[in-house]
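Trainee: Sequence:
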Amino acid sequence: MPQKTFQTNDVVEEQDSGFNYREILDAVILHWHWFAISIIGCLFVAFLYLRCKSPVYSTWAEVLIKEDDPYKRRMSGGGLADFTQLGVLTNSNGFDNEVEILGSKTLARRAVTNLKLYVRYSFDGVLRDEELYRTSPVVADMSPVDLDTLSMPLSMEISPLQEGGYHIEGEALRERFEADVKSFPVRVKTLSGWVTLRPNPNFAGASDGRTLRIGIFRPAIMAEAFLGATSIEPISKMTTIARITMSDTQRQRAEDYMNELIRVYNEDANEVKNEVALKTEAFVNKRIKIIDAELGTTESDLELYKKRNQLVDLMSDAEAAYKGLENYQTQQIELQTQMLLVKSLKEYVDNPANYMEIIPANLGLTDESLNSMIAGYNAKVVERKRLLTTAPESSPVVVSITNAISSLYPGIRHSLSTVYDNMRVQKRHVDEQYDLFIGRLSDAPTQERVLTDIGRQQSVKAALYQILLQKREENAISLASTVDKAQVIDAPESTIRPISPKKKLVALIALVLGVAIPAGLIYLLNLLRYRIEGRNDIEKLTDLAVLSDIFVAGDLKDGKRAIVVRENSNDIMEETFRSLRTNLGFVMKKSEKVLLCTSVMPGEGKTFVSTNLAMSMALMGRKVLVVGLDIRKPRLAKLFGLVTGHHGLTTYLAGEDSSDGFLREQIFNSGMHANLDVLPAGLIPPNPGELITSERLDDAFARFREWYDMVIVDTPPVGLVSDTLLLGRLADATLIVCRCDYSLKRNFNIVNTIHQEGKLPKMNLVLNGVDLQQRKYGYYYGYGNYGRYGRYGSYGSYGGYGNYGSYGKEARSGKSKSPREGGSYLHEEDFEDKD
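In terms of our numbering, the sequence shown is residues 75 to 909.
Any given hint could turn out to be false.
[Said to hold, decoys possible] For each label pair, taking beta carbons as the anchor points, the in silico distance ranges come out as:
hint, residue 1, residue 2, range
1, His720, Trp781, 19 to 25 Å
2, Tyr597, Arg571, 36 to 42 Å
3, Phe121, Thr319, 28 to 34 Å
4, Leu138, Glu252, 49 to 55 Å
5, Leu138, Asp222, 57 to 63 Å
6, Ala303, Thr492, 54 to 60 Å
7, Phe121, Glu252, 35 to 41 Å
8, Ala303, Gly594, 33 to 39 Å
9, Arg208, Glu548, 42 to 48 Å
10, Ala303, Arg208, 41 to 47 Å
11, Glu548, Asn276, 25 to 31 Å
[Unchecked claim] Distance condition first, Cα-Cα at most 30 Å in a straight line; then the derived BS3-like pairs of lysine-lysine:
hint, residue 1, residue 2
12, Lys190, Lys363
13, Lys501, Lys360
14, Lys127, Lys190
15, Lys836, Lys664
16, Lys614, Lys836
17, Lys353, Lys263
18, Lys360, Lys417
19, Lys353, Lys417
20, Lys663, Lys697
21, Lys417, Lys190
22, Lys420, Lys363
23, Lys363, Lys353
24, Lys836, Lys663
25, Lys353, Lys140
26, Lys577, Lys127
27, Lys459, Lys311
28, Lys833, Lys819
Bear in mind the hints are in silico, worked out from the structure with no lab data behind them.
The C-beta atom is built at its ideal place from N, Cα and C for all residues, glycine as well.
Make the full structure from the sequences, and use the hints.
Mentor: Listed below in structure tokens is the structure:
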């Protein structure tokens, strides 16, 4: 195992060993009630959420957007179709525009207004209100003017009265209003306008005395809400089929909205599409009235001429000449008809009021190029008007189409003039040929020539009248056979089960949160811990071995109860110190007899561990000596109930007699066992640092090694004074006692530093104060309480090196004397035990 690197700064960095699944399992077991309460609480909150949240359903439909632009049809039918199949070109331009129109706010508002979806109804409930659609007992509405100026939602409640009638109260523009009515229909005046309430003829149930809540919103706001819940997307890049998806709490309302939206879209598209036919119809009807009047005048003139000249039949000798004129006469009629049509169109186009308007088409003009230009111009005008329904005139698309129309308009005017001029040239040529044949008939009666002219005028007007009647019928048929632009492929359909909230997902989230909350709390508390709580903490902080865990012994009532290891006893405490004794045998060789027992800070139980370990070894039959070298705050005499007088280790160290007899006089039997002797610290010296470094101490320990099988030394805490480090030269091994829920983690910096620098021999740890009844150490034996040994006590300030008890007071006053000067030592019994 590689050597760990210890930190020597003020804060100990716990070594990260990754996830310890055992620790996680132990934490779950130890705090199972936290997890149980958290999981039950989160599941209860999830249950309340599911009960309070209205279920949301998904509704979808598929519609085919038909493309009726002839230019685009020629593109898709020509060579560019191959590029479309290869993915180089797509038909997304026009289709994307139609999708935008279908999802426009204008159409959504029309659909919302038509279905009156701007009014919401609900019955009051315990956890959530019961939303109503088409099943409300009362229907509310406002005038379109009031709806358009409704700046804030209007809410009202209708409650039945016990004596009959209804009580109405609500809020409009943050002002309350109320009224009592006997029956419906009724009109209620509010600051936002008049609200009309009438009974719902489709309501067949009963309100059961519940309060009806009504909310009226501005249609534009509700349109935005419906648009936000609706998505329109193509099912693929190669088709013009759009899929409309919508989420709503009411399935029927979503289906009705989709159907109305598609209907409004088709209605809007048909209005724009039929505008050309409507303009053509008006133009044809106007021309029919004019031609009809002219034709009637011509027939009247012919009738008057024949009566005035008493003409009955044509001259038979002019029959042959008429046949020669027949061909040119026919051409004259056709040219005259075309010229009249062109002239009428030219007058229409030259009129400034008709700029950017539809030009009448399909009038029978023979010039195909002119017909094509007029058709292209009308398509652009139609497209511009459609875009203006959803976009302003400053839009780049509208500006582009406007510029295209502006460029086509002069061309059409020029083409009309050119065509008219060409017809005039042709007419002049035909007239010249006609005049030649007329000259051949110079000898014909004048009356015949007049009749011929009148008849020719009559034929021209009759032909034009017939053409206009035919075009009017064709235009009427086209107007009546208009096909909807959007064809419904799949009618709106809703899911049977709600898509939100998802019960399994909510339950899973609640379960995860129920586990995560206590786990996070445990992790946070673990981060905030600055004291050790068990063996796992020690293993993360140091590489030193933990020889044993010492359990809590119970509250102390007298000194002898601190010795929990007794003869002829076999409880858990005896077993604990037997384990420590056994593990210590693997650390120390048979020739090594001196064990130094210390801690980092007061109160960790070093005296408790050293005395009970000595008692355990004495019961084993070994001769054991406990030496009290915590001469700044001695406790052994009081612990064993010894009356030492002036005897003790300090008496020997401060004296001049080095005989074995004098040294043995300072040693007392513990009174607990014959094999256990105690060498108390004795009187409190003014110079403890000098005494523990004297050669007499080394000589004494050399004799202790000869007299005893084991010498256990109780020393001061290493974190406060340096006495223990000076005593390290006398020992063969060191036990450092730490205490659960008491020892600070940062104190292991001191332990690691001492270990690295080798200042104490064979350092090992003992974990003291393990409470068997607290399930937080990774194990739980369940033996119960066996008595606590109490607190170590208050050491005072070790940094003073000598300011202890009354001697410290005398030293500060300048009246103290050293032992060598005849001053009196303080007795070990004079100190109050606070540990």
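Trainee: If a hint holds in the structure, say so; if it does not, say that too.
Mentor: Comparing the hints with the structure gives:
Range check, His720 to Trp781: Cβ separation about 22 Å, and the 19 to 25 Å hint holds. With their beta carbons about 38 Å apart, Tyr597 and Arg571 fall inside the hinted range of 36 to 42 Å. One distance hint, 28 to 34 Å for the beta-carbon pair Phe121 and Thr319, holds here, with the actual separation near 30 Å. Distance hint for Leu138 and Glu252: a CB-CB separation of about 52 Å, consistent with the stated range 49 to 55 Å.
At about 34 Å, the CB distance of Leu138 to Asp222 disagrees with the hint of 57 to 63 Å. For Ala303 and Thr492, the Cβ-Cβ distance of about 57 Å falls inside the hinted range of 54 to 60 Å, so the restraint holds. Taking the beta carbon of each, Phe121 and Glu252 are about 37 Å apart, inside 35 to 41 Å as hinted. Checking the proposed 33 to 39 Å range against Ala303 and Gly594 shows it holds: the Cβ atoms sit about 36 Å from each other.
At about 45 Å, the beta-carbon gap between Arg208 and Glu548 stays in the expected band of 42 to 48 Å. Checking the proposed 41 to 47 Å range against Ala303 and Arg208 shows it is violated: the Cβ atoms sit about 19 Å from each other. For the pair Glu548 and Asn276, the beta carbons lie near 45 Å from each other, so the given range of 25 to 31 Å is not met. Simply put, Lys190 and Lys363 have alpha-carbon atoms about 45 Å apart, too far for the 30 Å limit, and the pair is violated.
Between Lys501 and Lys360, the direct Cα distance comes to roughly 26 Å. Compliance with the 30 Å bound is thereby established for this hinted pair. At roughly 25 Å between alpha-carbon atoms, Lys127 and Lys190 fall within 30 Å of each other, so this suggested pair holds. Annotation: proposed proximity of Lys836 to Lys664 holds, straight-line Cα distance about 14 Å (limit 30 Å). Restraint check: the Cα-Cα separation between Lys614 and Lys836 comes to about 20 Å, which is no more than 30 Å; the hinted pair holds.
Distance hint between Lys353 and Lys263 is unfulfilled; the C-alpha atoms sit about 46 Å from each other, more than 30 Å. As the CA atoms of Lys360 and Lys417 are separated by approximately 15 Å, the hinted pair is consistent with the 30 Å bound. A threshold of 30 Å between alpha carbons decides the hint, and for Lys353 with Lys417 the separation of about 18 Å falls inside it, so the pair holds. Annotation: proposed proximity of Lys663 to Lys697 holds, straight-line Cα distance about 16 Å (limit 30 Å).
Straight-line distance between C-alpha atoms of Lys417 and Lys190 comes to about 51 Å, which puts the hinted pair past the 30 Å bound. Pair hint Lys420 plus Lys363 holds up; C-alpha atoms about 19 Å apart against a cutoff of 30 Å. Note on Lys363 and Lys353: the hinted pairing holds, with a Cα-Cα distance of about 16 Å set against a maximum of 30 Å. The hinted pair formed by Lys836 and Lys663 meets the criterion: a straight-line CA distance of about 11 Å does not exceed 30 Å.
As the CA atoms of Lys353 and Lys140 are separated by approximately 24 Å, the hinted pair is consistent with the 30 Å bound. Between the alpha carbons of Lys577 and Lys127 the distance comes to roughly 11 Å, so the proposed pair stays at or under 30 Å and holds. Between the alpha carbons of Lys459 and Lys311 the distance comes to roughly 27 Å, so the proposed pair stays at or under 30 Å and holds. This hinted pair checks out: Lys833 and Lys819 have alpha carbons roughly 21 Å apart, not beyond 30 Å.
Comparing the model with each numbered hint stated earlier shows that hints 5, 10, 11, 12, 17, 21 do not hold.
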